[in-house]
Structures are given as structure tokens and as C-alpha cells.
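A.B. asks: Chains as they are written, first to last, in this note's numbering: chain A, 1 to 281; chain B, 1001 to 1257.
Everything labelled a hint here was simulated from the structure, so no lab data went into it. Treat the numbers as computed from the prediction; the structure is a model and nothing was measured. Built from N, CA and C at the ideal position, the CB exists for glycine as well. A hint or two may mislead.
Label-pair restraints from in silico Cβ distances [what the hints assert, rightly or not]:
| hint | chain 1 | residue 1 | chain 2 | residue 2 | range |
| --- | --- | --- | --- | --- | --- |
| 1 | A | Ala54 | B | Gly1225 | 19 to 25 Å |
| 2 | B | Asp1045 | A | Leu280 | 53 to 59 Å |
| 3 | A | Glu27 | B | Glu1228 | 28 to 34 Å |
| 4 | B | Ile1242 | A | Pro129 | 50 to 56 Å |
| 5 | B | Asp1045 | A | Asp148 | 28 to 34 Å |
| 6 | B | Ile1028 | A | Gly56 | 35 to 41 Å |
| 7 | A | Ser40 | B | Val1020 | 33 to 39 Å |
| 8 | A | Ser155 | B | Asp1045 | 19 to 25 Å |
| 9 | A | Ser55 | B | Glu1094 | 52 to 58 Å |
| 10 | A | Glu27 | B | Asp1045 | 43 to 49 Å |
| 11 | A | Ser158 | B | Met1001 | 49 to 55 Å |
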Amino acid sequence: MDTETTQTAQQILSEPGAPVVMFDQVELAFDEKVVLKNISFTLISGHTKIILGASGSGKSTILKIITGLLRADKGVIWVNGQRVDQLTEAEMMAVRADLGMIFQEGALFDSLTVRENVGYKLYEESKMPIEEAHKRVEEVLGWVGLEDYIDRMPSELSGGQRRRVAIARAMAFKPRILLYDEATTGLDPITATTVDEEIIKLRDLEHVSSIVVTHQLRDAFYVATHMAERGADGKVAIVPATPEKEREAEFIMVREGLIVFEGDADALRASKDPYIVNFLD
Amino acid sequence: MLTLIENWLKGAALEVQEYVLMVRAAVIGVFTSPRYRYDIVEQFDVIGVGSLTVVLLTGFFTGAALALQSGLTLDQFGGRSVVGRLISASMIKELGPVLTALMLTGRVGSGIAAELGSMVVTDQIYALRALGTDPIRKLVVPRLLAGFLMAPVLTIISDFVGIVGGWIVAVFQLQIASGVYWSSVTQALYTQDVWMGLIKPFVLGFVIVTTACHVGLRTKGGTQGVGEATTVAVVTGSVAVIAVDFFVTKILIATMY
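Kindly produce the complete structure, drawing on both the sequences and the hints.
C.D. replies: Quick look at the structure:
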């Protein structure tokens, strides 16, 4: 019975429009400081949720709660059909197998090479044959355009390269959900665009559902309003998104732990809320 | 004032609770899978082989200085020839284990706290967990095994070079015959003394590594926090070594002598 139920859940989750992440009235406080208040949203399979907000508004905390790195005080959280707010750390490991997270500044392991960083999960936490793991690492590094840096140490890379290696590390084990925590913060506009394009390519070509946390409006709108297409020659092009595609990217504005806006790019631009208007200016 | 004391007590209780939970998880990690063999071997090299020079130098000069000092004192009683007894008993029972442990606290404890602290403040610990790795198994267990098993090995080496240091001073400075020194070294030693010198470093190695891992994993506040964690690991570790040595000595004397 349990196996049947699991199979049904997996079938539902693999269908387009299935909810892959659900937050229902989630709350969190550290001592007296309230970090999240009554947060509810749903991420649909293959879609993008862009969480905007000022520094310290609680955006990154949402991602840490999804991955089980932090525990919510109240509320219900579903990830890939599993209620994760009640799972132990050991049980969370299975949920994390389908979750990739890109941390602020990359969080690369500075004692490991680029190859060892990208293939960390494959080498250390899976039974994948070593040759196959090497091949996958080279493949994902080729995807982010860093195959020539495979034997370098993280300290030898630029900020943008480190973020791209972090993306490669998160996608190496083919998760269906990717969480980006300020992936472009501190990068120059040109480098930030290359990171944005990786996010778009993963979403549109690999059908990865994503949650992008940022306070960089330029990057948020770039990801929401562009799409990746593979041409007849096999080359990937980043082009302006169709209206349908644009609607698959939904914005959430967080202010002092509270959601003050939820909607698409057009609705965000049209908002008359003084805080949002001020934020967008 | 009462709130301050209350907060301090709460903080102290929380630290003890977190330390006990970490140690419990690490001990479970020693006996259950998964184990990270490469990291275990690496830590044996870093903690064991890496500490060899400092332990050799400390042991040698401690033994040599002890011979000089005890030679002077024993001269007052005409007992210069028994200087070997004093050195072997002091080195094996007390100075070898404690000085090796203090050297390990300075070298290994600070290194562990700085390394784990840096990993905490740069989100590498979160990244490990997000990639499905238990940081206790990956980081604490290898260090715990290496500290627990290498501290006794280093202590034995320290004891030996200390006695050799004492021999050099005894022969060339105090003009004691080599044979007299070495027979004096063995005369004062009983089986219980050797056991005491061997049991202590296991406990001290365990205390040093677990304290440093706990402090490192609880680092807060960026690079400044890493600096503070390193200082706290060395200070707490050193005090813990001296205090634990006293209690272990008391227990061993009560049970073995």
C-alpha cells in the first residue's frame, strides 16, 4: 500500500503543474527576533519563484528551511511530496538527494579542487563508478564553460567562476529542484549575466524547478523575462521569453519576514505599494 | 544582575548540552557507517606525523632541563646518581602526557577550531549537509580517531626523547656514568606508572579534539569569530588538559596503587 502511494505521488510530481515545494503558514524566530511570519507559497514543477527583498528580510532563511538546514517553529513544508518539517536530519538526507543549493559566495570546499568540489556528492555520497563520475563532472563543467579549470583550486578562480562551479556542483547529481541564494550578489553585470544564463538554461533545457533568492532587480527580471532555446545547430540561445513562459516565473517580495507581494513580472512593475515602488526604484 | 547570571548559566548549560550531543554523535559515528576512510588517514597524518617535530623538541628539552634542575637539588643530598629515576618517573607519569597534550592543544586544537570555524562562516558546513554529508561523520570522527589514537603514540615518543635529553645532560653536564643513569631510569618504574602514562594520553587526546571540534563548529561572526574560536579552543583545551589530568591521576591512583 505504501509503495503504491509513493508511486502515485511520484507520478503526480512528474506531471506538469505539480507542486514541488509548498510552504503553508511557516513561521520562525530566533529568540526575540521574528525572521519569518506566516509565509505561504507554492513552487510548480519546472517554474521559477524569485524571492526579492532587502538584506536581512528572511529570504535566505526560506531556502535553508526547504533544505532542512534550519527548522521552522510553525507551519507545514512539503518538498517533492514529502512533509519535511517533521523529518529528522538523517531522514532529510533522502530529500536533499533531489535538491541542489547554490550558496552566497559559492561555499566551495577550499581544500578540494574544482573537480572534487563538483563531483563531491558523486565521489563521496553515491555508488557511481569513478569513471562515470569523472565523465559527469567534465560534462557539467563543460555546461558552465569551465572545463579548462577542472584541476584548479577555488582560490584560483574569480568570483563569477566560483558561482558557476557552485552551480555545476549543485547540478552534478541531477536534482529536480535548484535553490539559488544570492547567486549574483557582488558580481559585475557581465559576470552576473553569465550566471543568470546558467539559471535560465537549467530551467528551460533541463526542466529544473528553481527558487532564486536575490536583491538584484536586474538579475531577477533577466531570469524572469528570458528563456533558453536550442537551435537546429544544437547551439543554445538566450532569447526574450514568450508571455506564457514569462508567467512561469513568479515574484515574491519579502519584507521583515512577511510576504508583501506575489505575482508575475508585469504585476510587480504595476504595483502601487509604496515599499515595492521604492524597492524597484 | 540576576538576569545576567541567569543568561550566563543558560548559555553554559547550552554549551555543555551541545558538546555532549556532538560527542555522542561522534562516538556513534566511530562505530557505524558511513566512514570517510580517506579523511581518517589524512587526519592521522596531520595530527600524528604533523605534530612529531614539536613533540620531539618539547620532550627533549623538558627532559634536559629536568636533569639540570634535579641534578642541582639532588646534589644537596648527595643523590646525583639517582637523577635518572626522577626524570623517568616525572616524564612517564606526568610531564610526557601533559606537555604532549598541551603541545597538541596549541598545534592541533587551534588548527581544528580555525579550519572548522572557517567552514562554518563560509557556509561550507551548510553545503556539506545540503550535499547529503553529515559533518560530524566527515569532520569530527576522523579527527577524534586521530587525536585519541595518536596522542598516546606521541606521548611515548616524548617520554623517550625526554629521557634521552636527561641522559645527555646527566652524562656531559652532571658527569654521571651512562650505565648508572640507565639503570636508575628503570629502577624507579613500576608497571602502574607505565599504565598511568599510557592511559592518560587517550583521555587527553579525546578531550583536546572534541573541545576544538565543538568550539569550531559553534563559531559565529565571520573572520573575527574564527579568531575568537581559535583562542577559545586553545585556552579551554589547555585548562581542560590540566584539570582532566588531575582527575584522571586521582582516579588511576585510587584504582591501581
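A.B. asks: Does each hint hold? Answer for all of them.
C.D. replies: Status of the hints after comparison with the structure:
no. : hint                               : result
1   : A:Ala54 <-> B:Gly1225: 19 to 25 Å  : holds, 24 Å
2   : B:Asp1045 <-> A:Leu280: 53 to 59 Å : holds, 55 Å
3   : A:Glu27 <-> B:Glu1228: 28 to 34 Å  : holds, 32 Å
4   : B:Ile1242 <-> A:Pro129: 50 to 56 Å : holds, 51 Å
5   : B:Asp1045 <-> A:Asp148: 28 to 34 Å : holds, 31 Å
6   : B:Ile1028 <-> A:Gly56: 35 to 41 Å  : holds, 37 Å
7   : A:Ser40 <-> B:Val1020: 33 to 39 Å  : holds, 37 Å
8   : A:Ser155 <-> B:Asp1045: 19 to 25 Å : holds, 22 Å
9   : A:Ser55 <-> B:Glu1094: 52 to 58 Å  : holds, 54 Å
10  : A:Glu27 <-> B:Asp1045: 43 to 49 Å  : holds, 47 Å
11  : A:Ser158 <-> B:Met1001: 49 to 55 Å : holds, 53 Å
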